[in-house]
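Those protein sequence lines, which keep their order, are chains A and B.
Just so you know, the first sequence maps onto residues 1 to 65 in this note's numbering.
Just so you know, the second sequence maps onto residues 1001 to 1128 in this note's numbering.
It is worth saying that the hints were derived from the structure and are not from the lab.
Errors might be hidden in some of the hints.
[To be verified] Stretches of chain B that chain A covers, calculated by requiring three or more beta carbons in the stretch to come under 8 Å of a beta carbon on chain A:
hint, region
1, 1013–1024
2, 1035–1047
3, 1064–1075
Beta carbons: idealized from backbone N, C-alpha and C, even for Gly.
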Amino acid sequence: MDFNMIMKLAGLGLLVGVIVIVLELTDRKDIAKLTVIAAVVVALYIVVQAVADLFSHVRSVFQIY
Amino acid sequence: MEIWQIVGIALVVSVISVVLKQFRPEIALQLTILTGTIIFTLIIDKIKIIVDLLQNLADQANISSYYLIIVLKIVGVAYLAEFGADICRDAGENALATKIEIAAKVGVLVLAIPIIVAILESVMRLLP
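The shape of chain A in the complex, shown without the other chains (with noise of 0.2 Å):
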């Protein structure tokens, strides 16, 4: 669950780093672009769940409420 967690995001970069070379190859700059800022919605999704729950475990172990 975690370490998939780690190789979702690496892959998404890796993809869409794949997908937007070839959209500027193809001369479609402005869908990559659309192409980046939806990579980095979705990769930031994805840590703001994670960072939520970091903070939650850290709150209940140290107390701090």
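Using the hints provided, position chain B relative to the given structure of chain A.
What follows is chain B alone, placed relative to chain A:
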């Protein structure tokens, strides 16, 4: 989670991050954040064992758990601030990292007020 697994994850992510940084630096940064988060999530169970041990010792020594909880809170605040500041510094936002550290120092000071007051009160009692 054992140490070799964490080292393995960190090494694999470092290699991927070097590759990713060349053409997608924003996702490389997010990968680093996610990895740091997950490594800490993996060791939090062991931290809980240590905290429970400290609480047991404090109970046996008849120390009020009020003070122990304050110390734990300070450790938690310091860790979270360090985590956020490191990420900001990695992303090249040194100013933001410094602000996080200032906020953490203020927060720690506010949390430490009861202890400072207790120390001052005992000093006042010692003085004639």
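Each hint, compared with the structure:
Proximity of the region 1013–1024 of chain B to chain A, defined as three or more residues with a beta carbon under 8 Å from a beta carbon of that chain, is established by the 6 residues found. Closer than 8 Å: that is the beta-carbon criterion, and the region 1035–1047 of chain B has 8 residues meeting it against chain A, so the requirement of 3 holds. Coverage of the region 1064–1075 of chain B by chain A holds. Counting CB-CB distances below 8 Å, 4 residues qualify, and the rule asks for three or more.
Violated hints for the displayed structure: none, as all numbered hints are satisfied.
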